[in-house]
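Visitor: Kindly generate the complete structure, drawing on both the sequences and the hints.
Going line by line, the protein sequences match chains A and B.
Under the numbering used here, think of the first position of the first sequence as 1, with each following residue one higher.
Under the numbering used here, think of the first position of the second sequence as 1, with each following residue one higher.
Careful, some of the hints might be misleading.
Some chain B residues judged to face chain A by a derived CB distance under 10 Å, without partners named [claimed, not checked]: (1) ASN4; (2) LEU23; (3) VAL66; (4) PHE117.
Pulled from the structure, derived: some chain B residues nowhere near chain A, Cβ distances all over 10 Å [to be verified]: (5) ARG59; (6) TYR129; (7) LYS133.
If you are wondering where the hints come from, they were derived from the structure by calculation, not from laboratory data.
No residue lacks a Cβ here, since even glycine has one placed at the ideal position from N, Cα and C.
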Amino acid sequence: MIEEAVRFVINIPFGFFGSEAPEWLVFVHCSLIYGGVFMMAFISVLAFGSVWAERKISAWMQARLGPMEVGKYQGCLQTIADALKLLLKEDILPAAADKPLFTIAPILVFAGSLMSYVAIPFGPNLKVADLDIGVFYILGTSAVVVVGIIIAGWSSYSKWSIYGGMRAAAQYVSYEIPTALHLLPVIIMAGSLNLIEIADEQQFFIGPVDCSFLTWNLWPWINPFATVSFIMYYIASLAETNRTPFDLAESESELVAGSHTEYSGIRWSFFFLAEYADMFVVSALGTILYLGGWHGLPIPVIGPYLAPFFFLFKVLFLMFIAIWLRWTLPRLRVDQLTYLCWKVLLPFGMVTVTGTALWQLYFYKTPVGVILGTVIAIGTIWAMIKIYRSESIPEKGKPMARRDQVAATPS
Amino acid sequence: MYENYAHVLIFALVAVGVVVAPLILFALIRPVRPDAEKLSAYECGERVVGTPWIQFNIRYYLVCLVFLVFEVEILLLFPWALVYGAFIGGPEQVEALAQGAANTSEASGGMAFVAMFIFMVILAVGLAYDWGKGYLEWETEITTSPEIEEKEVA
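Guide: Right, here's the structure in full:
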């Protein structure tokens, strides 16, 4: 439909000369409309919405109100007011900064994270580009962001910036390995790097009803190793997007603002928005690979039409957990950060990849596998509850205080 | 198929345009009143001493090296993961197995698994070496003077 409309409009000036518009011109205009208009509109709504949501959720979790003034409902236009302020703010280029690099850095960071969106499918037909190497492409574009952050840290000529930039580089670079490794089980299971094929591989219909929520890659009866991988992918993706508890690179109490200390106004807002854009990308990747993408809404007739919204719901839910964790967990130390990456996530990744290969060979979607996976999952949950309930978890040689004991202690 | 990559190229140009356009457009209405204080590097209100381009802890370099090794090795696992399903018989084979058919392609699937397993063992040995040598530790030597320790004890 869009293609025909575009062809009609482009043909108007060509019609004066009695010729037809070339096919490539129509293609470029269609692509500009899909990517430049629809996708960019979605990204701006998403960015403004998620910044506002983060502020409101943070506020509610701390029993505050958050933004209340701008806009009729709960300060919902606060982010737009902030954006206008940032656009009109003076643009400061520090005298000592390396000016070409200082200018390039925010462009690299924001454009790099925007470029991931071109490969994300929102539904079976709702996508800009259907890339055969979708997973690879998204991993690649997220690496561009690291380059931008290092350049920002180095070119600012400020101590805070360079410390933040170096920390960010070490962190992003380390966590890229577990991220990639914990995506591998799904690629083994789907045999494809194409995001649409990976999502479709998880569909399961009983008659006309979409029961895909039973066969998402995440579930232990499909593959218990993938369940572990999903949790670890989520942890690694938090580090990849620089979210708390992994926000060492911009820990405001020690490094002012990390690599973008010297940036202000519009240039700073690019770094800020890139964080939210990235958050959506990693959540979308997790949703497609482990939560079945847009599949799994068990409504017979209108289900397929609601599928993109179901996909968005899942992605936003993962983003909500990231915001939730921000107010739950304290920031890690740098040695804990490297410990978690190299000594927990990486060995577990090797085990899950090898285990998935074995599982695929013998148990994948077989009755025995379903039973075995369920038993393993129930056993693990039971053991975790058992450990949690047991009163003597040795922590530095002392028994851990129980919750009620802590509460009963007079202050 | 290749038109998808044309989409990517056009989208990349759009993405750069979206970032550059407000930088240029709003430069027309932004105030520009630079002064020496404003343009100096942020140092919590103090005068900047020394250069920030200092020598860095060697740990960052080690992390980078370890990353390079593992990233290349994981890159080699991706093609294997892609064709592994075909080796064990693909979705059709899985369906047939679910319906109780005999596993005919187990031999080739087992071969594919063994090939990857050997590679994974090499990877694990590399990790164990790094671990043993202490390249994965982030040195945090907390030096406390005896007086502070005495205070804490008391």
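Visitor: Does each hint fit the structure? Answer for all of them.
Guide: Hint check results:
A distance limit of 10 Å between C-beta atoms decides the matter here; for ASN4 (chain B) the minimum to chain A is near 4 Å, and the interface restraint holds. Proximity of LEU23 (chain B) to chain A holds as hinted, the smallest CB-CB distance being about 6 Å (cut-off 10 Å). Hint on VAL66 (chain B) holds. Least Cβ distance to chain A is approximately 7 Å, under the 10 Å limit. Contact between PHE117 (chain B) and chain A, as hinted, is supported at the beta carbon level, the nearest pair being about 6 Å apart and thus within 10 Å.
The claim that ARG59 (chain B) lies off the interface is violated: its Cβ sits roughly 8 Å from the closest Cβ of chain A, which falls inside the 10 Å cut-off. Against chain A, the non-interface label of TYR129 (chain B) holds: every CB pair exceeds 10 Å, the least being about 12 Å. Listed as outside the interface, LYS133 (chain B) is consistent with that label: its C-beta sits roughly 12 Å from the nearest C-beta of chain A, beyond the 10 Å cut-off.
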